[in-house]
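From just these sequences and the hints, can you work out the full model?
Number of protein chains: 2
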Amino acid sequence: MAAELTVPLLTEKHRPTLDQALEAIRSRAYWSPHPEHPKAYGETAPADGLAAHEAVRGTRLDLGQPGTDGWAGGEVSPFGPALAVEYPHVDPDVLLPAMKAGMAAWRDAGPEVRALVSIEILARIGARTHEFAHAVMHTSGQAFMMAFQAGGPHAQDRGLEAVAYAYAEQTRVPGQADWSKPQGKKDPLNLGKTFTAVPRGIALVIGCNTFPTWNGYPGLFASLATGNAVLVKAHPRAVLPLALTVQVAREVLAEAGFDPNLVALAAEQPGEGIAKTLALRPEIKIIDYTGSTEFGDWLEQNARQALVYTEKAGVNTVVVDSTDDYRGMLSNLAFSLSLYSGQMCTTPQNLLIPRDGIATDGGHKTFDEVVADLATSVEKLLGDDARANALLGALVNPGVKERLEAAAGLGEVALASRTVANPEFPDAVVRTPVLVKLDAAKPDDAAAYMSECFGPVAFAVAVDSTADALDLLRRTVRDKGAMTVGAYTTSPDTERAVEQVCLDESAQLSLNLTGGVYVNQTAAFSDFHGSGGNPAANAALCDGAFVANRFRVVEVRRQA
Amino acid sequence: MAAELTVPLLTEKHRPTLDQALEAIRSRAYWSPHPEHPKAYGETAPADGLAAHEAVRGTRLDLGQPGTDGWAGGEVSPFGPALAVEYPHVDPDVLLPAMKAGMAAWRDAGPEVRALVSIEILARIGARTHEFAHAVMHTSGQAFMMAFQAGGPHAQDRGLEAVAYAYAEQTRVPGQADWSKPQGKKDPLNLGKTFTAVPRGIALVIGCNTFPTWNGYPGLFASLATGNAVLVKAHPRAVLPLALTVQVAREVLAEAGFDPNLVALAAEQPGEGIAKTLALRPEIKIIDYTGSTEFGDWLEQNARQALVYTEKAGVNTVVVDSTDDYRGMLSNLAFSLSLYSGQMCTTPQNLLIPRDGIATDGGHKTFDEVVADLATSVEKLLGDDARANALLGALVNPGVKERLEAAAGLGEVALASRTVANPEFPDAVVRTPVLVKLDAAKPDDAAAYMSECFGPVAFAVAVDSTADALDLLRRTVRDKGAMTVGAYTTSPDTERAVEQVCLDESAQLSLNLTGGVYVNQTAAFSDFHGSGGNPAANAALCDGAFVANRFRVVEVRRQA
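Protein chains in written order, with the working numbering: chain A, 40 to 599; chain B, 40 to 599.
Do not rely on the hints blindly, as some may be mistaken.
Just so you know, same-sequence chains aren't split out, so a pair can sit in one copy or run between any two.
[As the list claims (entries may be wrong)] With a Cα cut of at most 27 Å, we get these calculated DSS-like pairs of lysine-lysine:
id, residue 1, residue 2
1, Lys225, Lys440
2, Lys52, Lys220
3, Lys419, Lys404
4, Lys139, Lys315
5, Lys476, Lys404
6, Lys476, Lys440
7, Lys440, Lys419
8, Lys78, Lys224
9, Lys315, Lys225
10, Lys52, Lys419
11, Lys220, Lys78
12, Lys220, Lys481
13, Lys419, Lys225
14, Lys404, Lys225
In case anyone wonders, no lab produced these hints; they're calculated from the structure.
Pasting the structure below:
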């Protein structure tokens, strides 16, 4: 096969990016090659992206995959319209062997070529960021700007980060080595050795509804860049962004002279549950999953032939002890609770506040004052419907709405959720967060704050003291897991104490955020997403452990 | 606690060693700081080591551990004498919490101090290598020189290699980073970040009978150097070498100002099976195991709260296609089959030889000639009883003898096993290998060559062709696993074909070994022991994946 994307061309285009990514994961300073501003993509990009999105609606997205035994689809945008796109439904008995066929050539290409091809895939996705933004928006319910940033450049960053880790890990061992062992007065023993990174097999990515690209790319690119074939089983309500991703990957692989079947999509009929079937196939050696604890646990316990990387439910806590920027704290928290209607695995849920109140730069504030002031901050942030729509997006599914409505019955409502009208998408269900008061001293309240209530629901939990808050934080992380922990304090001792809890229980901590960085946001190349050390996730995005076991090193030694 | 082993002292003593080890795992050239020659340890070392070994016999080895609720022991040397050493039997409800108590300080010490303390432990073990050699000899049944080398410097090498990997992995992320994200005309977003490697919890090392130190040290030091406490559950027939190891570790930890309970020993009463109990304790977060597939599988399926690293049974193959050094091949194979009576997880078992014979520098050799010549080579190698004893050691347990005797009934015996008298240890059971002819074309023979027959048993399996041999090799590795594969060929095409099988099935390959390097030996810092990619082991010694998940990184970020 004559490759259009030759190695010299790929090297010229992408080796500098790879080198910068390698440096960034080492320094962990700020870096990204993927612009966040929609305007950075050229004057016609917004219109082109929208047109491309509209053109794909109502079509059959034929990816040219072997083993396509039918078509599945049926996504309906959380903003209202049906997408009406059909995707390939697969016969694993045909598709999986076809996916394996190209693996030897992909393995033999080596880590650098795999990295460069992966970056080309990301670059082509990047060029279509506006189109992807619409796809993410109309599957996740994220408002456009968030879908653009989180589903576009930030997801591409996480994919590139995984590529960089994969490359670094595979090249820790040289391709060859001469080994000469002295034997005293006798001749030394000499061996020539070669070392080859070999893949595990076929990797299965099980996508999620809320962040199909952001949560899907790390596993997809970590597996692909380490030589594995990748089958993407998208969430039935969020297929389009990953189908487009697979389409681009197949196109780039073919142009680079590799088998496009190294990456394939599996869509499913409603209620079919093919993830279970695929996860137990002997060909599947790696699984990446984001979603419910129930299915994550099932995968970990049943897919024994595979390495299983899971991100599951957790309960995120913010400890409110004291602050020297009360207004900054309130506005920062209000934004964190509101963004994407709290439908992020990183959104804070439990705000632990001493019942006697806290010290602030505006004087002492009682528990009730803090809660009321936070409620006011949220109301102000979301008071304007246009701004509210731009921040909240739409509820991703009816389950979120049910939980939101049930939450009002769990305690005293400090801030009621309000319905926001969306003139552009009248069918979108747009709701502001509910803030409910609970009390750690009341045993009946524990059921609420000790489980994840995914969606725009926050609990202001009264605690006896900051020490009490730290005990509860520790128990929450240990028993329920947490993707994020936040804390506000002006006390160095309290700061050390909360750090200690997070080190003991493996939780990622944000301290005293009062500006434009929020506890629920992490930046690739610098911040870890999850720790992999508490029940919320068994892996972190992205570190050495996330990539190191996706390949093995085979040594061939010869007498020299 | 006033530390006698200060950080400056440890740095001066061991940082150069750590740096050399880091360079060695990168270049994979030959390197070892641990001398192989008994004479390198000083003139009085042999007598001192023997005296120390004799002094410990018949004593109670009180390690000063909390939660000691009794004493267990009862090892009998495969060379005859009872060791009569008693070791602490533990109450996990007391010991495990005590082991956790020192973990925060050990974590806070950081990766470099943990590496230096680990190297000090290895250095003190190294200084007592003669004593350890006797301990390994009289538990494993290895002859003295092998016990000295494999149980001493080679095991210390593997421990140091794990320390180097652990250090490298933990320091891939900086301790701190400044992060500044441009915001166009607005002020940048600034965060200060710290990154801390945090341990998983308590690691359990489940030791094996044949290589208590060599197979025990990688997991022990990988876990310790990544901040975990380590509980060593020795094999009931091979406690002494690991008990001495724990003793040294506790002594060094205390002198360096850390809690000695970070490392502890668990001995057991005969038939007690405490490994199962310990493996399921919630405090145990990491398990390293070498032994039977049955128990390895049990651990993987049941110890779900822990990361489980297992080395299990496998079937090692040598493909004999052709050679330009027939005598070299025969003597190399004869040595590999004989060393430690084939009781190595890396010893070849199945020699696949075309039934029409092979081309050699001595002309064409029929299948029967090759087998007969190999038998003669083994007979010559082991013809002298003194030399035979020095190579073979003793059978480690009665099960090996039973398998050896049963093997003679599996096919035509090309070389019968003979009993070698050991004048120094008359009770030792010393047996030369049996070589049995099988035929891949006879379905009844498959049961023999498709399962591990651990001990001095080799099968010369007639195959239709080299292509047939490669098919059988592929099936064997895929279905049964292999720690090693060997091949002899003068054909570049055959060489590529066997390489291809090993890359496809993740097996470590040695080609055309005819000199002083044997397929069953691997050198730390350069060779991988196992691949972690076939059923014989789920991890390789030692690579990034072996250490990367033993710790997690916790980030604390603060608004700057």
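Structure-based check of each hint:
{"no.": "1", "hint": "Lys225 <-> Lys440", "in the structure": "neither (79 Å within a copy, 37 Å between copies)"}
{"no.": "2", "hint": "Lys52 <-> Lys220", "in the structure": "between (42 Å within a copy, 25 Å between copies)"}
{"no.": "3", "hint": "Lys419 <-> Lys404", "in the structure": "within (20 Å within a copy, 91 Å between copies)"}
{"no.": "4", "hint": "Lys139 <-> Lys315", "in the structure": "within (20 Å within a copy, 38 Å between copies)"}
{"no.": "5", "hint": "Lys476 <-> Lys404", "in the structure": "within (16 Å within a copy, 87 Å between copies)"}
{"no.": "6", "hint": "Lys476 <-> Lys440", "in the structure": "within (19 Å within a copy, 72 Å between copies)"}
{"no.": "7", "hint": "Lys440 <-> Lys419", "in the structure": "within (22 Å within a copy, 82 Å between copies)"}
{"no.": "8", "hint": "Lys78 <-> Lys224", "in the structure": "between (72 Å within a copy, 15 Å between copies)"}
{"no.": "9", "hint": "Lys315 <-> Lys225", "in the structure": "neither (60 Å within a copy, 49 Å between copies)"}
{"no.": "10", "hint": "Lys52 <-> Lys419", "in the structure": "neither (47 Å within a copy, 63 Å between copies)"}
{"no.": "11", "hint": "Lys220 <-> Lys78", "in the structure": "between (61 Å within a copy, 18 Å between copies)"}
{"no.": "12", "hint": "Lys220 <-> Lys481", "in the structure": "neither (70 Å within a copy, 43 Å between copies)"}
{"no.": "13", "hint": "Lys419 <-> Lys225", "in the structure": "between (84 Å within a copy, 23 Å between copies)"}
{"no.": "14", "hint": "Lys404 <-> Lys225", "in the structure": "neither (82 Å within a copy, 32 Å between copies)"}
Of the numbered hints stated above, those contradicted by the structure are hints 1, 9, 10, 12 and 14, listed in ascending order.
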